[in-house]
Amino acid sequence: MSKAVVFANLRLVFNFIVMLILNLHTVFFSFLPRKISSTRSLVCAALLFVVSISASLACTDDEQCIEENQWSIGVALGLGASTNPVVDGDAIPQVILLDIAWYGEQAYFDNGELGIRWLDTSDFGLESYVTLDRERAYFSFWDPANILVNTGFSPLDGELSGELDGETQGLNVSIDEIESKKWAVLAGTRLNYYQGSQKWSLGIETDVSGVHGGQRVSIAYQKAWSGDDWRFQIRPNIIWKSDDLVDYYYGLDVRPTTLSRIVYKGKGGFQPGVSLLYTKELTNDWQFISSASYQHLHSGMTDSPLVRHKQVMSIFVGAGYRF
Amino acid sequence: MIKKPIILLLLSSLGVASPLAATKQSVLHQWLVQPKACIVQKLGDSCAIAVDITVPRLRKGNYCFFQDDTLLICFSYDAPVEQLNIEFNKDTLLSLRNQEDLTLYSQKLEIKTRETKRKVRRVRDPWSLF
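Which chain is which? The protein sequence lines are A and B, in order. Start counting the first sequence at 0; every next residue gets the next number (numbering that gives the first Met the number 0). Start counting the second sequence at 0; every next residue gets the next number (numbering that gives the first Met the number 0).
Just so you know, these hints were derived from the structure itself, not from any lab. For clarity, every value in this text was computed on a predicted model and none was experimentally measured. Certain hints may be false.
Once the Cα atoms are required to be at most 27 Å apart in a straight line, the calculated BS3-like pairs of lysine-lysine come out as [what the hints assert, rightly or not]:
#1 B:K41 with B:K89
#2 B:K118 with B:K89
#3 A:K198 with B:K116
#4 A:K279 with B:K116
#5 B:K41 with B:K118
#6 A:K266 with A:K180
#7 B:K118 with A:K279
#8 A:K181 with A:K309
#9 A:K266 with A:K309
#10 A:K198 with B:K118
#11 B:K118 with A:K222
#12 B:K89 with B:K116
#13 A:K279 with A:K198
#14 A:K198 with A:K222
#15 B:K107 with B:K89
Covered by chain B, per the in silico footprint, the following chain A stretches (three or more residues, Cβ under 8 Å) [to be verified]:
#16 69-83
#17 96-108
#18 111-124
Cβ-Cβ distance ranges computed for the label pairs, FRET-style [what the hints assert, rightly or not]:
#19 B:D67 with A:A90: 56 to 62 Å
#20 A:E66 with B:Q33: 30 to 36 Å
#21 A:D122 with B:P34: 40 to 46 Å
#22 B:Q98 with A:F322: 44 to 50 Å
Backbone N, C-alpha and C define an ideal beta-carbon position, used for all residues, glycine too.
Make a model of the complete structure from these sequences and hints.
As structure tokens, then:
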């Protein structure tokens, strides 16, 4: 092995360690009081500007590859939905799916994720990115009645009658009765390890928008099988969400009446899940797409009066067209 | 094994063209343009090359070379142009036309790029499903 290659590898390892330390630093601070951890956002912003590495790999798997410096745009039409675990939260319809991606030499945009690839070899990939916290999607009001019609009816009035002592066990609180949630921007770093048709991923994300100051860590394994015109992949994963993140979305401190008060403190925890994806090429431009996923929610979230389901499931079947 | 060269030698000494020589002769009188392609760094780059042209025996008259529909040069049948400087940034057609504007011969000149579009691995799966 030449000196240049050894030097390049050492530099990659060094940069990865630096980024890992920075992210672990932010996760560690999440356990400290908010005042002490106020530097988290700065640290994570700095994360995106850490020493740049350029080590690119020519891609051979068409399904996972994209031409450099060219937008890839796909639209899928079909039937599908994602369940919504929050009380009075409407299921999220999946009728139109978009697949939008652009990759430069290092910078990339991939379905809402804007990032920089530090490393891309046959075995390893390392990237840092910013993305919106999708947890917020559960709090959108898909039903037009929620937007256009103000009935003046408060679900809390009925559900909480007699619950004056603040006990939250068994209560349901509608998302219509709480303050609207803001979209948080997460900055993260993800390490991928590739081994043939298998992929391991470790991702660490932290809020850099100051909305909830929480973190998210995910570990995923992915295995794919493919033929000439089809591909099937399974992806078990586990996600850890911090106290701050869970508490922002699912914590409660409401006063439905002057005599009662409902308080719930969200707690962090692990959420295991699995996803399946099957695609089959119909023509050069069209492909059949079907997917399903299941994510189990942890008790620190499901114990909240805002949450009614212990899992999130989604399914989609349709046809995708790539421009 | 050694009979063939001897026979060829005898035939040539008798003034009879060998099959090999005949082939060479016919190649010399074929419409031939060299080179047929130009290599550029990337798509869109301009390329200027001198192409060597072998023109078959022509009947009396004047002839002209065209690059696509652009006139390059005209010449008399007995003094054919044997080299042309051509500039192009996409595939082009070099043609020889007679004075009736009838295309007698043509050759496509291609642009080849060193940098083919590189593909990179996506960090997320397509269709945002995971």
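Here is what the structure says about each hint:
A threshold of 27 Å between alpha carbons decides the hint, and for B:K41 with B:K89 the separation of about 11 Å falls inside it, so the pair holds. Between B:K118 and B:K89, the direct Cα distance comes to roughly 23 Å. Compliance with the 27 Å bound is thereby established for this hinted pair. Between the alpha carbons of A:K198 and B:K116 the distance comes to roughly 25 Å, so the proposed pair stays at or under 27 Å and holds. Between A:K279 and B:K116, the direct Cα distance comes to roughly 25 Å. Compliance with the 27 Å bound is thereby established for this hinted pair.
Taken as a hint, the B:K41 and B:K118 pair is honoured in the structure, with Cα atoms around 15 Å apart against an allowance of 27 Å. The straight-line distance between the Cα atoms of A:K266 and A:K180 is roughly 18 Å, inside the 27 Å bound, and the hint therefore holds. With a C-alpha separation of about 21 Å, the suggested pairing of B:K118 with A:K279 holds against the 27 Å cut-off. For the proposed pair A:K181 and A:K309, the alpha carbon gap of about 23 Å is at most 27 Å, so the pair holds.
For the hint pairing A:K266 with A:K309, the CA-to-CA distance comes to about 15 Å; that is within 27 Å, so the pair holds. A threshold of 27 Å between alpha carbons decides the hint, and for A:K198 with B:K118 the separation of about 19 Å falls inside it, so the pair holds. Between B:K118 and A:K222 the CA atoms are separated by roughly 22 Å; this keeps the pair inside 27 Å, and the hint holds. Note on B:K89 and B:K116: the hinted pairing holds, with a Cα-Cα distance of about 17 Å set against a maximum of 27 Å.
With a CA separation close to 21 Å, the supplied pair A:K279 and A:K198 stays within the 27 Å bound. The hinted pair formed by A:K198 and A:K222 meets the criterion: a straight-line CA distance of about 7 Å does not exceed 27 Å. Restraint check: the Cα-Cα separation between B:K107 and B:K89 comes to about 11 Å, which is no more than 27 Å; the hinted pair holds. Only when three residues or more bring their CB closer than 8 Å to a CB of chain B does the claim for the segment 69-83 of chain A stand; here the count is 3, and the claim holds.
For the segment 96-108 of chain A, the stated coverage by chain B is satisfied: 6 residues place a CB nearer than 8 Å to a CB of that chain, which reaches the threshold of 3. Counting residues of the segment 111-124 of chain A whose beta-carbon sits less than 8 Å from any beta-carbon of chain B gives 6, enough to reach three: the coverage restraint holds. One distance hint, 56 to 62 Å for the beta-carbon pair B:D67 and A:A90, holds here, with the actual separation near 60 Å. At about 33 Å, the CB distance of A:E66 to B:Q33 agrees with the hint of 30 to 36 Å.
The hint said 40 to 46 Å for the Cβ distance between A:D122 and B:P34, and at roughly 42 Å that hint holds. Distance hint for B:Q98 and A:F322: a CB-CB separation of about 49 Å, consistent with the stated range 44 to 50 Å.
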